[in-house]
Amino acid sequence: MRSIIDILDLSTEELDSLIAVALDIIDHPRKYAHMCDGLKLATLFFEPSTRTRMSFEAAMYELGGHVISMASAASSSAAKGESVADTVKVISCYADIIAIRHPKEGAALVAANNASIPVINGGDGGHCHPTQTLADLLTIHREKGKLGGLTIGVCGDLKFGRTVHSLINAMSRYEGNRFVLISPEELKVPDYVVDEALERKGIPYRETTDLDAAMPELDILYMTRIQRERFFNEEEYLRLKDSYILTADRMKNAGDDMIVMHPLPRVNEISVAVDDDPRACYFKQVLNGKYMRMALMLMLLQEAGKLEGVGTNGSRTVTL
Amino acid sequence: MNVDPIRNGIVIDHITAGKGAQIYSLLGLDSLDVSVALIRNVASKRLGRKDIIKIDAEIPVDFDVIGYVDPGATVNIIRNGKTAEKKTMRLPEILTDVIKCKNPRCITTTEQELKHVFRLADADKMEYRCIYCETRAE
Chain A
40 MRSIIDILDL STEELDSLIA VALDIIDHPR KYAHMCDGLK LATLFFEPST
90 RTRMSFEAAM YELGGHVISM ASAASSSAAK GESVADTVKV ISCYADIIAI
140 RHPKEGAALV AANNASIPVI NGGDGGHCHP TQTLADLLTI HREKGKLGGL
190 TIGVCGDLKF GRTVHSLINA MSRYEGNRFV LISPEELKVP DYVVDEALER
240 KGIPYRETTD LDAAMPELDI LYMTRIQRER FFNEEEYLRL KDSYILTADR
290 MKNAGDDMIV MHPLPRVNEI SVAVDDDPRA CYFKQVLNGK YMRMALMLML
340 LQEAGKLEGV GTNGSRTVTL
Chain B
18 MNVDPIRNGI VIDHITAGKG AQIYSLLGLD SLDVSVALIR NVASKRLGRK
68 DIIKIDAEIP VDFDVIGYVD PGATVNIIRN GKTAEKKTMR LPEILTDVIK
118 CKNPRCITTT EQELKHVFRL ADADKMEYRC IYCETRAE
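Protein chains in written order, with my numbering: chain A, 40 to 359; chain B, 18 to 155.
Please note: incorrect hints may appear among the correct ones.
Unchecked claim - Below, in silico cross-link-like pairs of lysine-lysine (BS3-like), each with a Cα-Cα straight-line distance of 30 angstroms or less:
1. B:K119 to A:K280
2. B:K142 to A:K128
3. A:K227 to B:K71
4. A:K227 to B:K103
5. B:K119 to A:K198
6. B:K142 to A:K198
7. B:K104 to A:K240
8. B:K142 to A:K240
Hints listed in this document are in silico derivations from the structure and should not be mistaken for laboratory results.
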């Protein structure tokens with residue numbers, strides 16, 4: 040059973056197909072409105088989430104399907120000590136596809152190894168968040184018209200920022216991209232991401248602590264939040280939390296066509312004043328995320344044979 | 018120093034000097050009820066010094082453990098006093114329950130029944146990573 044745990048589980052050809060389907064959904068939403076009639080998405084969120092869970096749910100509703108979910112981890116059997124493996128074995132009996140978020144790294148892989156239906160990783164600790172990256176890729180494609188030949192600055196918490204790890208992995212596969220990794224020393228990108236995504240492939244990158252100096256060379260500035268929930272030490276969090284704040288004044292250093300992205304939620308790392316700047320794309324990412332989750336669920340459900348022979352008009356085959 | 022030859026059993030030879038005790042421990046040889054000899058710092062033409070382990074029974078051995086600790090070691094299966102099989106070790110692609118993930122954020126810290134599985138990420142650097150959280154093995 041195919042599941043998506045890491046963005047690298049998808050080939051660049053499959054990413055292109057998902058983008059193409061998402062663009063078709065944007066242009067022809069009615070065509071997709073009943074593709075998942077009678078199918079159920081289970082959202083298992085063991086960690087607080089608003090936008091990712093609601094995005095998955097909205098995506099399934101817009102495909103005509105249904106959503107079942109647990110109210111919170113505190114009210115679930117996980118609170119009684121049930122393992123992730125057992126939980127997904129049970130949920131596999133109720134639903135057709137699972138979206139899971141869990142604070143522990145690797146939990147989504149454990150779920151995928153034990154479920155009998157497709158599993159989508161909606162974020163596992165600081166490890167991976169592939170559907171956020173799908174949102175990012177569609178946003179970059181729509182805003183820049185390409186996925187290669189770009190200088191991508193990622194800024195903030197690059198150590199625990201799972202969206203950053205997935206984005207670097209994904210964008211390092213497109214030709215001509217280079218990276219500027221902007222973070223405090225304590226929150227640099229982990230060695231394994233640098234080694235496997237950049238060093239071994241000979242992708243140009245540099246690490247810096249200076250956001251202002253990097254701004255003029257960037258095509259994309261990807262801001263991230265310093266995440267309190269990833270720190271074991273509150274003092275360390277308080278010391279680092281305001282390391283980078285993007286203001287309207289700072290945006291003057293950027294090129295006219297640089298876009299600003301952020302996986303949201305933000306705290307104070309992007310001033311509200313920047314929202315009115317036409318280069319700010321973070322709310323577009325939210326919308327794009329829903330379309331890409333629709334495309335991804337269609338792909339996995341089709342591969343699982345769930346879209347065959349169920350539709351009333353035989354129109355449930357998606358061209359991927 | 019001499020240790021009698023064994024008639025039926027296993028000889029783990031060409032162990033890099035100093036690594037014999039680690040292999041002895043990871044293979045759980047201390048809990049066997051057969052004769053086991055760990056010979057350290059034996060003179061070797063090829064290695065200068067080497068360790069040797071002799072087990073006086075043909076027990077199941079996890080070759081992945083030996084390959085992980087010392088890929089240059091060799092394993093000889095002795096039957097009726099003769100070498101029946103000679104195996105050269107190599108770094109295993111997957112290591113299961115040999116080393117533990119030390120990342121406190123890894124799912125293996127809370128789900129106790131999970132096996133600790135590492136994949137070979139870089140053979141040149143002999144680098145293993147947890148399949149769940151990607152943390153490098155120490």
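- [ ] Mind listing which of the numbered hints don't hold for this structure, in increasing order?
- [x] 2, 3, 4, 7
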